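*Asks:* So you can see what is in the structure, the chains are spelled out below.
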Amino acid sequence: MSTPTPTATEGGTAVRPDRADSLFTRLYTGTGAFGIVPNRRKFYILTILIVTVCLASIIFRGFSFGIDFTGGTKLTMPAGDIDKDRVAVVVEESVGEEPQMVQIVGAGNSRIVEVETRFLDTDEILAAKNALYDEFHPVTADGVASIEAIGDSARSESWGGQVTKNALIALGVFLVIVFGYIAFRFEWQMATAAVVALLYDVVTTAGVYSIVGFEVTPATVIGLLAILGFSLYDTVVVFDKVEENTRGIRHTASRTYAEEANLGVNQTLMRSIHTTVIGVLPLLSLVVIAVIILGVGTLQDLALVQMVGIITGTFSSVFLATPLLVTLKNRDPEIRRQTAKVLARREKSEANA
Amino acid sequence: MSPVRPRGADARPRPWALLSTFFLVLFILFLGAFAVAERGLTPKLGIDLQGGTRVTLIPKGQHDDADLRLAQDIIRDRVDGLGVAGTTVVIEGSNIVLTVPGEDSSQARDLGTTSQLTIRPVLQVQPVAEGDLEPVPAAKGDRAAVAREVDEARKVRQGDPQQLTQTLAAFRCPERDVLAGFDDPSQALIACGDGAKYVLGPVPLLIDEPEDGKRLDGQQIVKDSVSSGFNQQAAKNEVSFRFNAGPGQQGSATWSRLTQENLQRQIAILLDGQVISAPVVQGVTPVGSATSITGDFTTDEAASLAANLRYGALPISFEDPNVDNVPASLGLASLEAGLLAGAIGFLLVLAYSVVFYRLLGVLAFISLLLSFVLTYVLLVFLGYTVDYSLDLAGIAGLVIGIGMTADSYVVFFERIKDELREGHRFRSAVPRAWKSASRTIVTGNMVSLIGAVVLYLLASGEVRGFAFTLGLTTVMDVLVAFTVTWPLVYLASTRPLFAKTWANGMGRMENIQAAAAEQRRHDRKVDQVTEQDRDRGVTAAIRGPVGDTITGPRTERPATDEEEGR
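As you go down the protein sequences, you meet chains A and B in turn.
Using the working numbering, read the first sequence as starting at 1 and increasing by one per residue.
Using the working numbering, read the second sequence as starting at 1001 and increasing by one per residue.
Please keep in mind that the hints were generated in silico from the structure rather than gathered at the bench.
Fair warning: this is a prediction, and the values are worked out from it, not measured in the lab.
No farther apart than 25 angstroms at their CA atoms in a straight line, the calculated lysine to any residue pairs in the SDA-like style are these: (1) LYS165(A) to GLU1319(B); (2) LYS1435(B) to PHE186(A); (3) LYS165(A) to LYS1060(B); (4) LYS165(A) to ARG1069(B); (5) LYS1214(B) to ASP121(A); (6) LYS1435(B) to ILE273(A); (7) LYS165(A) to ALA56(A); (8) LYS1435(B) to MET270(A); (9) LYS1197(B) to GLN1264(B); (10) LYS1060(B) to GLY161(A); (11) LYS1060(B) to ASP1077(B); (12) LYS42(A) to ALA56(A); (13) LYS1060(B) to SER158(A); (14) LYS1435(B) to GLU243(A); (15) LYS1435(B) to ALA183(A).
Among the chain B residues that face chain A by a calculated CB cut under 7 angstroms, a handful are: (16) THR1440; (17) SER1448; (18) VAL1463.
Partner residues aside, some chain B positions facing chain A, computed with beta carbon under 8 angstroms: (19) ARG1109; (20) ALA1333; (21) ILE1402; (22) GLY1403; (23) ASP1418; (24) LEU1455.
Note that CB positions come from ideal geometry on N, CA and C, so glycine has one too.
Excised from the complex, chain A in its bound form (with noise of 0.2 angstroms):
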């Protein structure tokens, strides 16, 4: 343990992380310019005022809910160049009602008509398709026109909720498990820093869809559970990180945990980015390209949520898991008596020097 601290150099002043190095330089090097754990303070109020935000949208905004949670039937078309009030003229006259919605999605020749309607039984929906079929002849892939290059769905009302029901069973079994893992492969402070961190990930992805609009359909729902996976998995290695910095700091002087977990988080900073970049980079282009070609739909549904799931993921892997594991290792009495035993060191070489 011979290393000084910051060798003193012929004038004297103590070495601190070049500021001339370029911020990417030193986000790239790991080097641990960034005072993430100092400022914690900072990125509690931060965090706080996005949950209340999202709360708030949630509790008063509320979410724009999809045929599947409302109960419906859905008849899709391939669009050509089709006028969409003629369609739901036809539906209207064969359902005897007015469509709730009628919309073009896609792009070129994957363009189809949407006709959201009440929920049909089948001989109406027969009767609408055999409509829409004498209105407009649409052709299917073989390029025939036929009756079956309309597709519908129906939904029974029950259906969303029963796969919300679902998801939260799921979400509160994967917390209990996960927390336990946590606890069993690290230590308790990190399984609650992480758990917290997640419930965090729940409630802004959530509040991104209230405030946005984005239509929740079930498989956004799922969608938002499987990111907790992902947003877990960056946490976990952040917090390998952090213990690996701190293993065996109860009989050392040199530095405190905060120090040590705030260096933890700058080298796993870069691998955060990359990550959250790599991640993100074939989501787009599910996203884009579920957009571009199909319109709406599953995939587009997946991909979306997972985007924003994995961008709050990293943001609360290490501007909140981290600093709450300091602020709640550093209840620890032993952990506080080590903090105590550095500072006085430092400030005792401070005094000498």
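For this one, chain A is given, so just place chain B on it according to the hints.
*Replies:* Quick look at chain B alone, frame taken from chain A:
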């Protein structure tokens, strides 16, 4: 300076052994997939990718697993009755999901509805030789054709009881009953079932009902009253039930009259036009009392009859079905979109990896591709062994899996940077980095796997496909990281080429690495010197230009193993 042998790290990595293990596994899987696959090496596709219909039946209220399985069996029977090839009926969570490939699937929607239970007096019975059935061409979805068939069947099988009795001898029971559920209740009927063919009277009109009013059917049975069990006295199995009675409910009175009129004769219980039981009436049932059917049926048959009486075949009633009918053209467009998104995702990840990790990025990308090949072959294999079909959500899982898989090598490469930061040369940094990276990779993927498994077990619908491929890629990720990425990068690290920064992309680390290495050398020297030449006062001279090039706090502490060891 000779490269430092990493202590503790995998002392003698055997890259070739690991690589050959991987390719052996891949080869065996390929063989397996070839052996089971029917249409070349393509995975089975879900109906949202190949077109078709998926019907999800959600039970109403509470039910137990046995009921659900019974319902599944009954629905499967109904599907077989429709003669639609390739239809699967599976239980997903608490739902029953039917998938019908191809575009003709309009009938599938109604399979989950409770079938019609009717009661008719038996006029005449003749046994049917086993297997002597009239084949019926399946009417293909066309409603008009089905209606024509029903009309023709009615002409033959319904009408004047006298005439029907004459026809009965020559009548051959059809393989698939087109008239099932479409018979006219006000007329006599020729029906089959239970090893016999019957001429049956009209369904009795409920007392006080007009000519076209309600007739006696399963609706009038009090559901809670149905029970089955063993009758000690008769030493036979028995099913008992009761019809409703009370103001406006004439079920029991009608039944009572029916038993009176048909004393010592048979009454047929029909389900969707098929006779499921034709007991002989032994006594008149007083209005409001229960009736019991005692017979030579097994316990299971008694339970099944009871279930039929209770629910009209299905032991559970279902909500309005969720139906997805996807035209093949839309399915194809989805498949293309998914594949295109995957390909572009791959290329973007490749580009990003090469920018940051140069040749190492290329190696990483090779492992990513191999991971994909492995997953693909496994999907083909599972498609034909456990009937796994890849759906749209599954493709989304695969595309998202690309990012998750790529993350493993990012963890590894960033760890290499850590080691460089501590002053190790590239060559010795690689095995040291792998030691800690592999632990992180396993821990991280464990968490992902827990997530995928929980999702798979608890989620329903399309999401299971997503969870499945996500879980699969997670497992493949770990496998490939250990048997491909690590040995490849290790082999590369032993070549001088990869120590060059243009090749490993770690140029920015060069100064830090050099400074840290320098520092370590000095530290070692200082220590030696201080020990040997303490008295000669040489110490101060050695502390030189080191400090101001060290930028990282990491290097402020004596971090390397060597130093800590002393």
